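There are 2 protein chains.
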Amino acid sequence: MKSLKGMSSISHNFAQNSSHMKKFDVNGLKQFCQQVFKKIGCPEADALLASDVLIAADLRGVDSHGVARLSGYLRLWEKGRLNPVPEIRIIRETSSTAVIDGDRGLGLVIAPKVMDIAIKKAAESGTCWISVKNSNHFGIAGYHAMKALEHQMIGIAMTNASPLVAPTFSRERMLGTNPIAVAIPAKTHPPFVADFSTTTAANGKLEILQRKGEQAPAGWIQTKEGRISLDPNELKSGGALLPLGSDREHGSHKGYCLGSIVDIFSAVLSGANYGPWAPPFVSFLPLPEDPVGEGLGHFLGAMRIDAFRPADEFLSHMDSWIERFRSALPAEGFEKVLIPGDPERLFEEERVKEGIPLLQTVIDDLQLTGKKLEVEFTVSPRA
Amino acid sequence: MKSLKGMSSISHNFAQNSSHMKKFDVNGLKQFCQQVFKKIGCPEADALLASDVLIAADLRGVDSHGVARLSGYLRLWEKGRLNPVPEIRIIRETSSTAVIDGDRGLGLVIAPKVMDIAIKKAAESGTCWISVKNSNHFGIAGYHAMKALEHQMIGIAMTNASPLVAPTFSRERMLGTNPIAVAIPAKTHPPFVADFSTTTAANGKLEILQRKGEQAPAGWIQTKEGRISLDPNELKSGGALLPLGSDREHGSHKGYCLGSIVDIFSAVLSGANYGPWAPPFVSFLPLPEDPVGEGLGHFLGAMRIDAFRPADEFLSHMDSWIERFRSALPAEGFEKVLIPGDPERLFEEERVKEGIPLLQTVIDDLQLTGKKLEVEFTVSPRA
Numbered sequence: 001m002k003s004l005k006g007m008s009s010i011s012h013n014f015a016q017n018s019s020h021m022k023k024f025d026v027n028g029l030k031q032f033c034q035q036v037f038k039k040i041g042c043p044e045a046d047a048l049l050a051s052d053v054l055i056a057a058d059l060r061g062v063d064s065h066g067v068a069r070l071s072g073y074l075r076l077w078e079k080g081r082l083n084p085v086p087e088i089r090i091i092r093e094t095s096s097t098a099v100i101d102g103d104r105g106l107g108l109v110i111a112p113k114v115m116d117i118a119i120k121k122a123a124e125s126g127t128c129w130i131s132v133k134n135s136n137h138f139g140i141a142g143y144h145a146m147k148a149l150e151h152q153m154i155g156i157a158m159t160n161a162s163p164l165v166a167p168t169f170s171r172e173r174m175l176g177t178n179p180i181a182v183a184i185p186a187k188t189h190p191p192f193v194a195d196f197s198t199t200t201a202a203n204g205k206l207e208i209l210q211r212k213g214e215q216a217p218a219g220w221i222q223t224k225e226g227r228i229s230l231d232p233n234e235l236k237s238g239g240a241l242l243p244l245g246s247d248r249e250h251g252s253h254k255g256y257c258l259g260s261i262v263d264i265f266s267a268v269l270s271g272a273n274y275g276p277w278a279p280p281f282v283s284f285l286p287l288p289e290d291p292v293g294e295g296l297g298h299f300l301g302a303m304r305i306d307a308f309r310p311a312d313e314f315l316s317h318m319d320s321w322i323e324r325f326r327s328a329l330p331a332e333g334f335e336k337v338l339i340p341g342d343p344e345r346l347f348e349e350e351r352v353k354e355g356i357p358l359l360q361t362v363i364d365d366l367q368l369t370g371k372k373l374e375v376e377f378t379v380s381p382r383a
Numbered sequence: 001m002k003s004l005k006g007m008s009s010i011s012h013n014f015a016q017n018s019s020h021m022k023k024f025d026v027n028g029l030k031q032f033c034q035q036v037f038k039k040i041g042c043p044e045a046d047a048l049l050a051s052d053v054l055i056a057a058d059l060r061g062v063d064s065h066g067v068a069r070l071s072g073y074l075r076l077w078e079k080g081r082l083n084p085v086p087e088i089r090i091i092r093e094t095s096s097t098a099v100i101d102g103d104r105g106l107g108l109v110i111a112p113k114v115m116d117i118a119i120k121k122a123a124e125s126g127t128c129w130i131s132v133k134n135s136n137h138f139g140i141a142g143y144h145a146m147k148a149l150e151h152q153m154i155g156i157a158m159t160n161a162s163p164l165v166a167p168t169f170s171r172e173r174m175l176g177t178n179p180i181a182v183a184i185p186a187k188t189h190p191p192f193v194a195d196f197s198t199t200t201a202a203n204g205k206l207e208i209l210q211r212k213g214e215q216a217p218a219g220w221i222q223t224k225e226g227r228i229s230l231d232p233n234e235l236k237s238g239g240a241l242l243p244l245g246s247d248r249e250h251g252s253h254k255g256y257c258l259g260s261i262v263d264i265f266s267a268v269l270s271g272a273n274y275g276p277w278a279p280p281f282v283s284f285l286p287l288p289e290d291p292v293g294e295g296l297g298h299f300l301g302a303m304r305i306d307a308f309r310p311a312d313e314f315l316s317h318m319d320s321w322i323e324r325f326r327s328a329l330p331a332e333g334f335e336k337v338l339i340p341g342d343p344e345r346l347f348e349e350e351r352v353k354e355g356i357p358l359l360q361t362v363i364d365d366l367q368l369t370g371k372k373l374e375v376e377f378t379v380s381p382r383a
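Each protein sequence line maps, in turn, to chains A and B.
Going by the numbering used here, the first sequence opens with residue 1, and the numbers climb by one from there.
Going by the numbering used here, the second sequence opens with residue 1, and the numbers climb by one from there.
Each hint should be verified, as a subset may be incorrect.
Put simply, identical chains are the same to the list, so a pair is met inside one copy or across any two.
Stated by the list, open to error - Listed below are the simulated BS3-like cross-link pairs for lysine-lysine, each with C-alpha atoms no more than 27 Å apart in a straight line:
(1) LYS224 <-> LYS336
(2) LYS22 <-> LYS187
(3) LYS22 <-> LYS224
(4) LYS236 <-> LYS336
Hints were generated in silico from the structure; no laboratory data involved.
Note that the structure is predicted; figures quoted are calculated from it, not measured.
Please put together the full structure from these sequences, using the hints given.
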């Protein structure tokens, strides 16, 4: 295990070093995405919503989940795995729960709409928990959880995903990176926003190392036999990502538990495909032949603050929580302690002003996507 | 990071090697604990309940949370920090939530009683989520979560705890080991029961190393300056446990997020003490002088399966989930993949038959406790 020192104190999981990259106008990129989603048949409002979720990822520094994924959704549509005009239906409900059939729509559209339903039902019953089936990749989990904030609610979002992760003691890819996001409002401070995969490192981090030609730290990935690997290309040879904790001695069974809980809440509760049956995001991989459910699953929740405690009292104590943790004594060699959500917010502040940095490969991909669908990619990099 | 190989495939966090230890009758130990709790003023039924929770920990192999802790609760009572006859009150509620004041009672008694309320309310509203203040150490989280199982519900239990954990980049102890337990029923298979601290290793593991005079692996603990340490006694010199993930490169910010979420749900939602203000379990440490709430906090939940999906359908798919994961290909050098809850269940099967192994130090401590309260420790080790 590497020394605790020597790590940047405000680095983020996914964002690459962008100092030499071309930066693009936020609204221009969003409009381009919207045009693309409209071209594949999405209604105007859905196209806007999907674009907003994608751009939010780029703004928040989660580059792997932003416009770089646009062509991936397009390819799912080309294969007939995506319904651009889904009829999103509640198929079962109680006062504090629902199950929703996403009708093979874009997860980018289904998840925020489901959050709206959860928020509305929580306003009545205190909390609401919705398990979703028949959906697709929903972008960054944090976007959906954060929708609760303006309603003085805590938002929770999780999803299962393409199987890439081997449980503790296994060589087989059984789980996705299965992220969890929890957004909690404060009074005068920015909200607490945790948004993390339940693996030691998510795929986006490996992609950055691949581009740089660098090795991965021990504990991120294993070979297809289950041996330690430092090769960021290992997944292409049948290797697997490791659950948070890396190995048994460092608690990987806890990461395996977390990923499993996300899988069961998202897919077994709803009737989606779970575990290794989760449909792959990449269209070149076939769908499992013996599905155990429909599409991908999500689990979304909203809890009204004042269902527990007068909102103002809670928000003041969240301020006190944040202030106390922000002022915790730093370890030797570090500047300060961060609050969950700080790194993403700092990215957002910078990128709203300066634009979104894109790699040339992503720019090429967007141009190709535009050409295919006869939508001109007219966004120019900033000077 | 150590090789993935060479770790026992059915080792557990807390249980020590018990082959040379004296083994004690389960019922005898439970009756002894019950007598002790009655002597400090607990009503008969509460004394039985508290003893049941303690013994469940010993049975399930979580030795650090069983009868070894009995004298710790006694010392809290001696210091006046524990009310043996609490009036547990709902102080706020909606149809799917409640906040409960534990009136400084034993967490061992409060948590199962709160779970009963959560289960009752979930039967009406689909789910119920209860945040508890003014409580105390509640034993193993899994016990409380598992109470939901017989009602065909998913149970969830978490608690904040004495501050021993440094957030990523910090040298200061700000969080407890803040465990999360999730219990999910299956049809023909034993239930899925995840029960884990949100740190790389919990304190019980350090205690085992201390007894053996062995070093800890890198990534478990740090010195009071925030440097890597291998000394299992480091906490006594102001060092700290590390969040699940160990360091930033291996995802400790995710463990820090998890521990924080548990802290906020358990204590900020309820009005208990959060972060470094959480009251210490050990009675020789003073209570913080400027409390931000009352006592320790828990967050307990119950979700009715059929609020999401016909119960039988769900339970069959849980069987399929469990069978698929149990048959996942093992990594080289390992025998098989475990389902969360397997190691604890295997301990329980063995210990119900053979008795609970206790270290001589624990036996001495129980005898001393008995002497103090005039309850004879008559439990003899098995032949």
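Results for each hint:
1. LYS224 <-> LYS336: between (39 Å within a copy, 16 Å between copies)
2. LYS22 <-> LYS187: For LYS22 and LYS187, the Cα distance exceeds 27 Å both inside one copy (37 Å) and across copies (56 Å).
3. LYS22 <-> LYS224: For LYS22 and LYS224, neither the intra-copy (37 Å) nor the inter-copy (44 Å) Cα distance is at most 27 Å.
4. LYS236 <-> LYS336: between (38 Å within a copy, 24 Å between copies)
Hint check: violations occur at hints 2, 3; the rest are consistent with the structure.
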